[in-house]
Amino acid sequence: MNGGRLPTAEFEVEEVERAARTAELGQDRQAEPDMLRILDPEGRLADGMTAGIAGELVDFAPYLSTSDAPHLLSLYRDMYLVRRFDQESTALQRQGQLALWVPLTGQEAAQIGSGRAMEAQDYAFPTYREHGVALTRGVELSEILRLFRGVTNGGWDPRERNFHLYTLVLAAQSLHAVGYAMGIQRDQLADPSLPQAASVAYFGDGASSEGDIHESMVFAASFDAPVVFFCQNNQWAISVPSTVQTRVPLAKRAEGYGFPGVRVDGNDVLAVEAVTRWALEHARTGRGPVLIEAYTYRMSAHTTADDPTKYRLSGDEQEWRTRDPLARLETYLRSAGLADDAFFEGLADEARVMASDLRAAVLSMTAPDLESRFAAVYAEPHPLVQEELRFFQQYESGFADEGKHA
Amino acid sequence: MNGGRLPTAEFEVEEVERAARTAELGQDRQAEPDMLRILDPEGRLADGMTAGIAGELVDFAPYLSTSDAPHLLSLYRDMYLVRRFDQESTALQRQGQLALWVPLTGQEAAQIGSGRAMEAQDYAFPTYREHGVALTRGVELSEILRLFRGVTNGGWDPRERNFHLYTLVLAAQSLHAVGYAMGIQRDQLADPSLPQAASVAYFGDGASSEGDIHESMVFAASFDAPVVFFCQNNQWAISVPSTVQTRVPLAKRAEGYGFPGVRVDGNDVLAVEAVTRWALEHARTGRGPVLIEAYTYRMSAHTTADDPTKYRLSGDEQEWRTRDPLARLETYLRSAGLADDAFFEGLADEARVMASDLRAAVLSMTAPDLESRFAAVYAEPHPLVQEELRFFQQYESGFADEGKHA
Amino acid sequence: MATMTIARAINEGLRASLANDPKTLLMGEDIGELGGVYRVTDGLKKDFGAMRVVDSPLAESGIIGTAIGLALRGYRPICEIQFDGFVFPGFNQITTQLAKLRTRSDGMLSAPVVIRIPYGGGIGSVEHHSESPEALFAHTAGLRIITPSNPQDAYWMIQQAVSCEDPVIVFEPKRRYWLKGEVDTGAPVGDPFTAHVLRRGTDATVVAYGPLVPVALAAAAAAEEDGRSVEVIDLRSISPIDFDTVTESVTRTGRLIVAHEAPTFGGIGGEIAARISERAFLSLEAPVIRVGGFHMPYPVARVEEQYLPDIDRILEALDRAFAY
Amino acid sequence: MATMTIARAINEGLRASLANDPKTLLMGEDIGELGGVYRVTDGLKKDFGAMRVVDSPLAESGIIGTAIGLALRGYRPICEIQFDGFVFPGFNQITTQLAKLRTRSDGMLSAPVVIRIPYGGGIGSVEHHSESPEALFAHTAGLRIITPSNPQDAYWMIQQAVSCEDPVIVFEPKRRYWLKGEVDTGAPVGDPFTAHVLRRGTDATVVAYGPLVPVALAAAAAAEEDGRSVEVIDLRSISPIDFDTVTESVTRTGRLIVAHEAPTFGGIGGEIAARISERAFLSLEAPVIRVGGFHMPYPVARVEEQYLPDIDRILEALDRAFAY
Ligand SMILES: Cc1ncc(C[n+]2csc(CCOP(=O)(O)OP(=O)(O)O)c2C)c(N)n1
Ligand SMILES: Cc1ncc(C[n+]2csc(CCOP(=O)(O)OP(=O)(O)O)c2C)c(N)n1
Ligand SMILES: [Mg+2]
Ligand SMILES: [Mg+2]
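Chains as they are written, first to last, in our numbering: chain A, 440 to 845; chain L, 440 to 845; chain B, 3 to 326; chain V, 3 to 326.
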């Protein structure tokens, strides 16, 4: 096991540094983004959107909502509100009201587009950053903050929203999504009158390297499970660029499992919505899983505990600001005459109210008592938990009587 | 969590049965084998072998040894000897001399072909069935039987043979192969005069579903590690057909990671050797990993504890017998006038001697004493192990004095 | 009353669960056509179909993780892990997801997943096929862990595991799969989480579970010849542990031996010893003595007999306890 | 002598290891450019390059598994797991491969891999960021587990882990990362697998490790005000455990409290209680009392103070011990 020792200096050759820089910047390896898009960064709408997927030419026209003005406005509204929510939450964290915050700014189109593509009967499994999807599923935004205030690890009833709890162990939820989809299959076999449904597994470019992502794709393919894998490739896993996880578009992984994979401009809410609608229909109608890679960018820090200046260039951040998902839809809405200043001002007012309601909700969130946590461990009675609870109660009441030591 | 209960009968619809049969037989889903081959089941040699791999046309002529008669004979010899070894080991197991045996019959070409493609400085990580590869690496065949006799979990010194110990936890060794390859990279950076080398990770169609296979491919691609992934798709993971693991050729997985994947006729030793030679050169010269899927068949049981009649049709087994890797090379050798009866008889004699030596070696293997096992747990002194060893020694010597209870 | 082996009893128990509740389903490697490498699920795919007895891809995290998803959709998956040593690729899903789902959701969600794991040694097998990893799960809150030692318990405990709203790991003593016994298929036994006193005694208590229960009973019989009256408790549940039954016994006998195949260091015997030492401190005439595996990976087959706790090791421990 | 934090001491220790042995390398998530989420590896990539300080893909099994392969090629990888709760995807590689490699090869091969895991609570964080899973590794033979509680130990123990031929898991008490202390960078301390008596006492012994060492010391100081002389032992090594030092102490004091953040049930405290109860049975005036976490997933940040063993919980345990 002990090979010969080499002098340290030998390692400090130029190749090392170059290799390191290549891996970091990933410039000469990552394929040029080749992806589905209908609304470009300048806010110009293309005529249509088609793609060759798994050997078939798919025309996304039936899935596009480009001519439905109220719908477009509502997409913008969702994106705007969730960005405002993000800002307010960041502020609340800075003020010590939240333990941590996970910003989504930059990923609004990926999240609102995919979330809005779902039907009520579909079920989403998020990571920890899917606040936009949460909004589209009807989760109260303040409910999300309960986790980040440290008063719960959950926050809402997933069964009411068909939106699962945040899962912090990367990639674990992807298997849950596949299992849930296998349940949908069985339900529909038992009762074909049930509305067709699918599940959606959200995960990031970093999480894509975990074994659980692979196993979930293997199971999904094997059982033709009605699941859509939705990967937000926001270029970064904390400080690690996506080029460390993959040298080719993540969407290509799907081919290896025999189901379609699509890369979509994750900052184009219309394209994301259309592609996800198509994918969900694919899954729901028994044609098996689909992988969507939404190519986007985390415009903010990984969390409020993170400092991106340590690992990425501000020039990169600047460059991505020109592809802001909100800006491009605003440009289009204005240029197409679908929205005017009044619309945007009204939205800003609405957001201000939302933010102050949110703040009030957060400040009124009370911490649970540890005592209440004993009841949540098991569904059925458990002697050890009961014994420890009794100890805890006696111990605490001892203090009530005696006053604390020390 | 408690959805409505459905009557059992609802599940017993025809679709279920059909779905089950489809999955079992996998006929209408698995793509028709499209694979590299030079020697066909009838023992006819093609003119050459070329393939488009990752956009490049690869001509395998430089890697083929079709005109090297002594080499061809030696390939046949290796395959023949290891099959004989398999038969003898099976017999030893039946006679109670081995706890278990894992037959390789049917996979000789995949194993001898890939094993012979390696250079001395390459390093292989086997599963538990790579007896053929072991032979090519110079492992004494009797050493392999030590594991199956239950006297060790290892059996040989991997550093002497550049052939790692058998790993029974499926897919775990694949990551070791990648790490080892990362070590090769560092060694070569430190000392460019070292011979270029690569590692080979063996695994099966079943193991391909494990998360570790994915993570090993992610790491290999990320670091351009000089590793060849060699998957023997022998159609079965115990009783589960490979169609449950994948609907498309496993070789396609490689594309999703951005490195080449090739499916080769795993019963054609010449093609396997050529493809593996090419892949090893690819890896050794810094062009990154390659995945080879050797399409073959486990002609025997999974292990001596298995009964394949429970799950597969004897017709299938018959059909594959016509593709026997030994038979086709024999036919070619005879038709090309490269070998005559004398050669095959001489080989049979050699194998008989080998078998009886093997038997003698097995019968002379003595069980270790548990006492000796205490020393193998840690490299450095360990008080708990010492304490338990003392207890054990006293306990055993107590019996020596007193005679056993009960 | 019918006489059957433990393997058959589990098969019948699974059959009853599948028949009683259409939301139940079995998942695992080789459990369908083959009926499992130990034939415990033999015939079930034929009778309940491939949607209820699922030959899964070969991936343990996949099996547990999709089972959690199925449970979230209202199903009651029963997963088989082929051997004790192969549960570890699924360890993350069990430890961070399955066990924590209920707490994470503040009690809103439950995940009634059952995980069957054939465990233990004495079968002359190769690496990873003879381990006893129960302590690695017992430490994690949110899981329940039971292990039957006879056909009657096997038949009922598997069914009780399936109907429990909490996740339950059922460790099946694989070297006892062919142990025969009477099964009363009409009458359910009580709670699977209680310990059973299998033999009454007055001088010492031996606690064992799963594969070592017959060993403990034989040791007690041998001790009787030496004039020692030994009580034997089948723990049955490893999480929770029925400390009341053990404490009550030790209060009477004053001596406790805990035996398991798993290595002693960090094993569940330490938990029992610690807690009983606290609960019955003034009754103990000797320290609790643990009989277990040594601190080494489970050894090769040819030496496993020396390694495994047997009658003599328990008798030796009794000798030590009586020496105080 | 220099004053530094535990985080800095580990950084300096890693730096020394990297400088002394070109075969060492660091692998993990975010350890390079960022210097780790706790900045423990800050500056090391800059100074040693990307081949020696490797930002790996995001996959824990991949990190441990490739580290094993590197070790087989003669390297000495030092892996960082970002948080305690994220070690489980790598559990299989640690438990079935890393720990068993030496035994599998009959002592021919070793795998000197170091795994650094920041652990423990008290940092007000979200789920999976505050756990103490040490018992889940201690039960597995083949691994060594150490945990420093002060900068001096941190500086040396990491280096000793790196030079040890066995795999070593270093649990780093993350809430103490900013605890300052003197470090003698010239003189190595002794064996990292021995316990240190940090405070002498005559009436009771408190054993703690990692993050609870300062708590135990404070409790001992508070107890002194009540007229009780409490000895405090920093265990330092969780596998192996230096039972000699603990036994010697308890033989003198007659009472033992074991404190850890990990849940009591199935925790390492049970092992200590069981073994010391056996070794020092006749010296114990009271049962060994364990102070630990409750049987629940680590609770949300807002209640963790109620959950974590603190001075009062140790004093209450002492009260109980003195009540016998
Ligand atoms: C299994 C696991 N390992 C490590 C972590 C720590 N961690 C939290 S987020 C993160 C990066 C995730 O990157 P990505 O998947 O791209 O998602 P993003 O944060 O960019 O949305 C890491 C390493 C974790 N949560 N889970
Ligand atoms: C992680 C793990 N799970 C389960 C097993 C039990 N098992 C041993 S071999 C086998 C089938 C393997 O099939 P494949 O990978 O195709 O290899 P083959 O046996 O066909 O060579 C199974 C399920 C194991 N060894 N490891
Ligand atoms: Mg990301
Ligand atoms: Mg196979």
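Be aware that one or more of the hints could be misleading.
Listed below are the simulated DSSO-like cross-link pairs for lysine-lysine, each with C-alpha atoms no more than 30 Å apart in a straight line [to be verified]:
no.: 1; chain 1: V; residue 1: Lys48; chain 2: A; residue 2: Lys691
no.: 2; chain 1: B; residue 1: Lys182; chain 2: B; residue 2: Lys48
no.: 3; chain 1: V; residue 1: Lys182; chain 2: A; residue 2: Lys691
Stretch-level coverage of chain V by chain L, calculated; a stretch enters the list once three of its residues show a Cβ under 8 Å from a Cβ in chain L [said to hold, decoys possible]:
no.: 4; segment: 8-15
no.: 5; segment: 73-81
no.: 6; segment: 93-99
no.: 7; segment: 174-188
To be clear, the hints were calculated from the coordinates, so they are not data collected in a lab. All C-beta atoms in this analysis are idealised placements derived from N, C-alpha and C, irrespective of residue type, glycine included.
Results for each hint:
Distance restraint check for Lys48 (chain V) and Lys691 (chain A): the Cα-Cα separation of roughly 34 Å exceeds the 30 Å cut-off, and the hinted pair is therefore not satisfied. Distance hint between Lys182 (chain B) and Lys48 (chain B) is fulfilled; the C-alpha atoms sit about 25 Å from each other, no more than 30 Å. Restraint check for Lys182 (chain V) and Lys691 (chain A): the C-alpha separation of about 50 Å exceeds 30 Å, so the hint is violated. With 0 residues having a beta carbon nearer than 8 Å to a beta carbon of chain L, the segment 8-15 of chain V misses the requirement of three or more and the stated coverage is violated.
Proximity of the segment 73-81 of chain V to chain L, defined as three or more residues with a beta carbon under 8 Å from a beta carbon of that chain, is established by the 6 residues found. Check on the segment 93-99 of chain V: 4 of its residues sit with their Cβ under 8 Å from a Cβ of chain L, so the three-residue criterion for coverage holds. Interface restraint, the segment 174-188 of chain V with chain L: violated (0 residues with C-beta to C-beta distance below 8 Å; minimum three).
The structure fails to meet hints 1, 3, 4 and 7 from the earlier list, while all remaining hints are met.
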